[in-house]
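Student: Chain by chain, the residues run as shown.
Protein chains: 2
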Amino acid sequence: MASTKFRTAITTCTVATAAFFGGKYYERHNLPHRVNLSYYPALPVFGTVEAASLIPSETTVAKPNSSRISQIMKYGFPSLDSVISYNDFVISYDKRNRVAHWVFEHLTEESVRKNDEVDRSKCNFVEDKSIHPYFRSYNSDYKRSGYDRGHLAAAGNHKTCQKHVEETFYLSNMAPQVGKGFNRDSWNRLEKYVRKLTRTYPNVYCCTGPLYLPQREHNGKMYVRYEVIGASHVAVPTHFYKIVVGETKDGNLEMESYVMPNTAIDDNVPLTSFQVAPDVVERAAGLLFFDNVAKNRIHKINGKKT
Amino acid sequence: MASTKFRTAITTCTVATAAFFGGKYYERHNLPHRVNLSYYPALPVFGTVEAASLIPSETTVAKPNSSRISQIMKYGFPSLDSVISYNDFVISYDKRNRVAHWVFEHLTEESVRKNDEVDRSKCNFVEDKSIHPYFRSYNSDYKRSGYDRGHLAAAGNHKTCQKHVEETFYLSNMAPQVGKGFNRDSWNRLEKYVRKLTRTYPNVYCCTGPLYLPQREHNGKMYVRYEVIGASHVAVPTHFYKIVVGETKDGNLEMESYVMPNTAIDDNVPLTSFQVAPDVVERAAGLLFFDNVAKNRIHKINGKKT
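Residue numbers (this note's numbering), protein chains in the order written: chain A, 355 to 660; chain B, 355 to 660.
Some hints here could point you the wrong way.
A pair holds if it fits inside one copy or across any two, identical chains being indistinguishable in the list.
[Claimed, not checked] Capping the alpha-carbon separation at 25 angstroms, the derived lysine-lysine pairs in BS3-like fashion look like this:
#1 K575 / K534
#2 K575 / K497
#3 K428 / K497
I should point out that these hints are in silico values taken from the structure, not numbers from a laboratory.
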């Protein structure tokens with residue numbers, strides 16, 4: 355971004371205000387569409403999205419601790435689109451695809467330790483009322499889709515209290531994931547591996563998100579193609595990425611970067627097979643990860659000395 | 355967005371700073387990919403993107419007049435992702451698709467009047483150096499793609515001085531458009547129609563952008579599918595939208611909302627056939643247009659009294 359160009363100052367307050375007032379007048383009109391429908395093969399109908407029901411002013415979510423947020427985001431924001439801070443993780447939400455751009459977590463050995471006071475089975479998947487009704491995903495979108503509601507910030511990473519684990523069940527933290535062979539298997543292996551890194555590093559920073567990668571088709575041209583599910587057209591990512599940074603006691607950083615296809619994967623494929631250079635993910639995701647970190651602080655990338 | 359949730363304050367300054375420092379260290383490493391390539395049918399290679407060449411600190415673009423920007427954006431920002439302000443229009447850039455999310459213009463009868471001092475033929479399509487090299491589009495991406503570099507903010511809308519029209523030729527203001535039948539024909543008809551609205555309204559506000567609409571495929575499921583061109587994988591939108599608001603002398607607002615498929619269109623199809631309810635575009639684009647406008651100020655939508 356040019357430092358020499360004027361940039362209108364924007365704050366998340368503006369986002370919140372804008373979204374809050376959204377949808378107040380369109381719904382009243384319900385204009386007949388003077389449309390040649392053949393031109394709109396699939397202009398979304400969104401039958402179940404009740405845009406008339408505005409964002410409630412009350413919510414059960416407590417105001418997150420701002421110093422915790424600074425801790426999670428210590429190494430910078432990958433982007434600034436629709437950022438939502440929860441108590442123990444931070445999301446940037448993609449309103450077009452109804453799936454987060456990225457989810458950021460900070461893990462320590464203590465935060466991922468088994469905690470008998472926290473009961474995952476008491477958690478329910480709930481729509482995120484902080485997101486405008488037009489852009490939310492709903493449980494009904496996932497129903498009969500064949501896809502799991504796959505956590506981006508893993509439930510198992512947020513065990514310090516019941517509230518934290520509950521917040522990982524917001525649908526804003528979910529993406530449609532293949533269940534058997536992926537969400538319940540290889541992706542889970544990767545999540546467990548990241549938790550295990552807290553034994554090596556006092557601090558682990560983890561950024562997770564979807565990718566929509568192009569493929570070459572029979573005509574020789576490249577196409578991005580992904581399914582959308584439910585009345586809200588929730589995007590089914592073709593791949594998921596995880597960029598992990600371990601901070602050593604003396605403040606050095608070691609980075610690992612993974613891309614996994616959203617498909618059943620043989621359990622025997624080692625996780626290292628999914629390592630890719632971080633800039634490959636950055637280009638594909640349209641994001642910059644840990645980019646305000648001084649270059650001489652990253653001592654290893656994907657296990658290799660830099 | 356919940357007004358009750360904590361939101362980290364973000365400013366475009368952060369974006370600028372973050373992007374500026376981006377790409378400083380990854381390029382040095384060029385790690386061998388320990389990857390089972392079958393899992394990555396098309397992880398982008400981006401051969402021609404030279405990420406090592408950082409954003410230059412000098413640029414030929416003058417600092418836009420902030421009061422002009424406030425005038426253009428009088429009715430609010432549709433979203434706040436990567437906002438770039440030029441002298442006579444404002445863009446929100448989609449770093450993943452390398453095509454803007456939206457482009458906002460303010461037109462008056464004076465600003466669109468024929469001006470012999472402005473010469474469009476002297477303008478060149480140039481890459482936008484205010485965008486990080488990873489996420490820019492390049493002239494080489496369009497070469498032999500079969501698509502026009504289609505203006506989002508139309509060149510013909512910015513005739514008050516040569517600098518203004520030149521700025522519309524930044525590739526950040528372009529999207530791959532079908533040339534014959536669309537960019538040079540029906541889409542141009544729509545652009546001319548919007549200019550003509552300045553004869554009816556003293557102020558015309560125009561927001562233009564791409565859509566990536568899903569279609570039902572043979573298996574009964576819905577898929578978003580769009581081509582990407584060039585080494586940078588610039589997305590070819592399936593449709594384009596234009597949301598126009600005319601402000602009358604007494605401050606009333608009248609809105610028109612169009613969606614056109616990115617395909618050759620018969621010149622005889624009337625523009626009104628492409629009118630759709632504005633919320634249909636909002637849901638599909640993940641944006642809210644003119645949403646901070648008091649509802650009783652919008653007196654007409656698509657020619658019908660509200």
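Student: Now tell me, hint by hint, if it's right for this structure.
Tutor: Here's how the hints hold up against the structure:
1. K575 / K534: Answer is between; shortest inter-copy Cα gap is 20 angstroms, intra-copy 31 angstroms.
2. K575 / K497: Between copies only: 14 angstroms across, 34 angstroms inside.
3. K428 / K497: Cα proximity of K428 and K497: none, with 37 angstroms in one copy and 42 angstroms across.
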